[in-house]
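Here the working numbering runs 396 ahead of the position in the sequence shown, where the first position is 1.
Just so you know, the hints here were simulated from the structure itself, not pulled from any lab data.
Note that the Cβ used here is the ideal one computed from N, Cα and C, for glycine as well.
You can trust all of the hints, since none of them are fake.
Result set (DSSO-like, lysine-lysine): computed pairs, CA atoms no more than 30 Å apart in a straight line:
#	residue 1	residue 2
1	K538	K468
2	K468	K639
3	K536	K612
4	K590	K536
5	K567	K536
6	K667	K590
7	K513	K536
8	K547	K502
9	K502	K468
Cβ-Cβ distance ranges computed for the label pairs, FRET-style:
#	residue 1	residue 2	range
10	L498	Q581	36 to 44 Å
11	N503	Q581	36 to 44 Å
12	N503	I579	32 to 40 Å
13	Y673	K515	35 to 43 Å
14	P631	D573	15 to 23 Å
15	D634	S537	28 to 36 Å
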Amino acid sequence: MEVPCASCCEKPKSNNKGIITIAPPTPTTPLSTPAKRPIKRRRRIVIKLIKVISHKYKELISLHNIIIMKIKTFTFNQFQENTFVISDNTSDCIIIDPGCYLQEEKNELENYIIENKLKPIYLINTHCHIDHILGNAAVKSKYNIPLYLHKEDLSTLHSVESYAHVYGFEKYKTSPDPDEYLIDQSEISFGLMKFKIHHTPGHAPGHVVLYNQENKFVINGDVLFNGSFGRVDLPGGDLETLKNSIFDVMFQLPEDTIVYCGHGPETTIGKEKKDNYIHQF
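Starting from the given sequences, assemble the full structure and let the hints guide the process.
Dropping the structure here:
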């Protein structure tokens with residue numbers, strides 16, 4: 397006499413919850429299948445889950461395209477000058493106004509680049525007063541990258557060697573000449589980032605600022621400071637010219653633009669439009 401197979405010969409049993417229970421395929425593993433209405437509900441849940449997953453996947457794609465930017469500020473030499481290293485997701489970076497004179501300052505800059513696995517692409521001078529170019533020779537020698545500055549500041553660059561000793565920089569190493577010139581209203585790019593160049597004379601004849609619209613900041617050199625502005629009593633300086641640069645260029649940027657200054661803390665265009673000392677002249 398044959399014994400019926402429990403997995404295929406027993407009749408299904410129903411309960412009061414609309415669930416049909418089929419005899420277990422094994423003695424220890426029961427199998428439950430929803431009735432028609434729960435199956436439709438489960439299908440709707442699956443469809444909803446697919447939509448949620450699809451939406452999250454699109455979010456991940458969007459996040460992948462976000463630029464992760466980092467601005468590192470170093471304060472170097474006796475003038476407390478701010479040197480900037482700007483990098484993004486690609487690990488490319490630019491070095492702006494290297495004021496490193498002492499060996500420990502040069503080491504600090506180099507170690508940061510090594511530790512963050514960065515690849516310097518450009519060396520840029522907003523202007524060529526001594527405190528902003530003391531490390532030009534070291535950076536150029538170390539990384540063999542092109543030096544950019546405005547043509548009108550070439551004479552400012554060349555004059556540094558004649559007076560460096562006056563400020564106690566007897567071991568100043570002459571800066572190399574530029575490889576390329578920065579041009580007003582032109583753009584310079586590296587990695588995923590792009591900067592617009594604005595010629596802003598007054599503090600120095602070839603002074604420029606670098607404006608990044610996407611991230612709302614400007615590398616301003618010595619045009620504006622927090623509550624003040626760059627001196628105009630150095631060779632090539634002129635107050636009226638600087639005022640024009642501030643009012644016609646800098647103050648035309650959006651008010652929430654962060655201003656990274658060549659000395660001291662950062663500020664915003666909105667704050668400086670409201671209470672900068674330049675309004676007294």
